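Work out the full structure: start from the sequences and follow the hints.
As you go down the protein sequences, you meet chains A and B in turn.
So the number in my numbering is just where the residue sits in the first sequence, counting from 1, plus 134.
So the number in my numbering is just where the residue sits in the second sequence, counting from 1, plus 779.
There may be inaccurate statements among the hints.
Beta-carbon label-pair distances, calculated as ranges [stated by the list, open to error]:
hint, chain 1, residue 1, chain 2, residue 2, range
1, B, GLU1082, A, ARG430, 52 to 62 Å
2, B, VAL848, A, LYS474, 27 to 37 Å
3, B, LEU879, A, ASP403, 50 to 60 Å
4, B, GLY863, A, GLU258, 53 to 63 Å
5, A, THR294, B, GLN890, 34 to 44 Å
6, B, LYS1081, A, LYS366, 49 to 59 Å
7, B, LEU879, A, GLN326, 34 to 44 Å
8, B, THR917, A, ARG241, 51 to 61 Å
9, B, LYS1081, A, GLY370, 54 to 64 Å
10, A, THR443, B, ASP888, 42 to 52 Å
11, B, TRP860, A, SER252, 47 to 57 Å
Hints are computed from structural coordinates only; laboratory data are not their basis.
These numbers come from a predicted model, not from an experiment.
Note that CB positions come from ideal geometry on N, CA and C, so glycine has one too.
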Amino acid sequence: MSYKTITLSLLYLMLVSPLLSAAPSKKDIQQEFLQALQEQILIQDSAEALRNIQQVKQSLNTLQRAPTQRTLNQAQSHFAQFIVSWKAVETAYILGALDDNYIDHPRFIDYFHQAKESIPDQLEKALASNKPVEKILFKYSTKSINALEYLLFANPQKETLLQAMGTRRVEAAKISVDNIALWLGEIAQGYQSTDILLAENAASISQVVNALIDSSYKLANWRVGDAAGLTKKYEGKPSALRLEYPFSNTSYRAIRSILQTHQKIINRDGAIDLLAIAQINDAESEVLFIQKQIDRALEILAGMPKSLTEHIESQEFKALYKQLDKIHNAYYFILIDALKLNATIIDADGD
Amino acid sequence: MPMVIDTAQWLGLDYLLNPQKRLYWGYLLSTIGIVIFYCVLKRQSIASTLDKKIWWHPSARLDYSYFIVASIIKMSLLLPWMLGVGEVTYWTLQLMEALLGYQQKIIIDRQWVVLGYTLALFLLSDLSRYCLHRLMHTMPLLWKFHQVHHSAEVLTPVTFYRVHPLENFLFGLRYALVTGFITGIFIHFYGANLAILDIIGVNIIVFSFHILGDNLRHSTIHLGYFDALEKWFISPAQHQYHHTVTGTKVNYGGILSLWDRLFGSLRLSSHKDHYHYGLGEIATRFNSVWQLLLRPFALFKKES
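This is the structure in structure tokens:
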């Protein structure tokens, strides 16, 4: 075969290939989805979480000035409100995937399932010490949401929590709040300033789906399964201390917030949502299936008492775990179907 | 209209419009173009490639009728039983999570994941195709069924589909296992950040080879490459030699000849070999659609 033959063949290939490769563009719908996600969910949720943590700070200032049961209750109530908004931000967190500088921000805020050491033990040591609180609480774990929850709700001492809310404890809580507000402020700012459309559309959408897959796994296994003793790691050993918020009883609201965030990313009235993306990829039925499973999980949750601590061994909690696991698997099935690999299954290339 | 489409699918006529199939109109058009180039360069008459003795040979006519019957069998008997890639992918994901635990999806530039996945799919698919094809020749039981394909005495692009349904099933199983396994591993690590680099829905590497004349593997166009190139990629001439009475123990490769080279079954087309297609004397046993379908079982029964 001569060089001429090869050159002619390559030229021919160059001429023929483009004729055969005109694929329809999905760019507009993908861009609309990403813009709507950024404006209606990512920016709004992070701004709300920031507002809520600032509200916690204000209530801590009030508590410091006037330590009464009412001001303590108010601080606790603001904390619970903040948790609901923070879970929404955490569930859809894609900022780290869009910009490397933001990869670790959630870990600086939330230490659930990360800490190897006991946060309560460290906090108690810090509170008992004579050294300035700000110098002792230098680790992110002791300045995290989980530390803040302990400081605002748990008290292993004989005195009441209100009595324990001495200056050092409130000071420690304020340090946590400042740490959380700092990183959350950067996240909120990051969502405002990052152009979600700078990355390839498909890549950004993939990060959204990855965030949902990740969240669905952690919701089923870390937040429910581990506490109920239904995961391999803790099989048959339930413990309420493994709930995400064992002291404040906010786990119920956190789980609901996570599920509702999944729901609003998938299907929002009048918005280009994940369902719209699925429609252009012939995966509508799979996404509708997930939506149904999320609805069912919310139904199960609605039938449970808001304090999960005493119900981790109940049938409802087990049913919730199974339902959440189903959601996680359903996300994988969407990915598998989206790759459309079954199309050639019968083309058994005998040669 | 849907009924017409269904009927076309059952008869395999949709292959002309399906880029996943070698008989897709685009690939056929490209093949015709290559044949014209080839004839001009070789100073050969284009009309000679349309020789009735080839295209209307009893073996070729058997290919055409068998194509329709095999297509109906594939749709009615094989498809409902075929293991899906989805299932294998899901099992692999479960296995990976059980063995390694849950994997936080790795953040890496999407194009690298897509490139890696496309390459992994191509390489492992081609390797598994080589292995199964070799087994079809070396295992006496499988050879009884693979003889159906080798019984063709003339080669046309339709000969590609002269394959016993059992072989179709095995190759379908191979596809599901390999594709599902690789996909499961990639989803475990990279999640949704996954896609195949494709042209009109076909793996870009596979598309390139289809458009570059995969259809010539079963044809009278004796197109060989340079020796150096044939050590990496199977040329149509190399595959044609595999179809000769004496060549069935070499050149098992699908796209890459690398596997043949690594496992000692490579033969280059520059050898002055005699090209006589078919099985020799036993070819008389495969003269009808029924014989193509049932003879392997008879051979098996006779032996046992």
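Cross-check of the supplied hints:
no., hint, result
1, B:GLU1082 <-> A:ARG430: 52 to 62 Å, "57 Å, holds"
2, B:VAL848 <-> A:LYS474: 27 to 37 Å, "28 Å, holds"
3, B:LEU879 <-> A:ASP403: 50 to 60 Å, "40 Å, violated"
4, B:GLY863 <-> A:GLU258: 53 to 63 Å, "55 Å, holds"
5, A:THR294 <-> B:GLN890: 34 to 44 Å, "59 Å, violated"
6, B:LYS1081 <-> A:LYS366: 49 to 59 Å, "53 Å, holds"
7, B:LEU879 <-> A:GLN326: 34 to 44 Å, "37 Å, holds"
8, B:THR917 <-> A:ARG241: 51 to 61 Å, "55 Å, holds"
9, B:LYS1081 <-> A:GLY370: 54 to 64 Å, "59 Å, holds"
10, A:THR443 <-> B:ASP888: 42 to 52 Å, "44 Å, holds"
11, B:TRP860 <-> A:SER252: 47 to 57 Å, "55 Å, holds"
Hint compliance for this structure: hints 3 and 5 are broken, all remaining hints hold.
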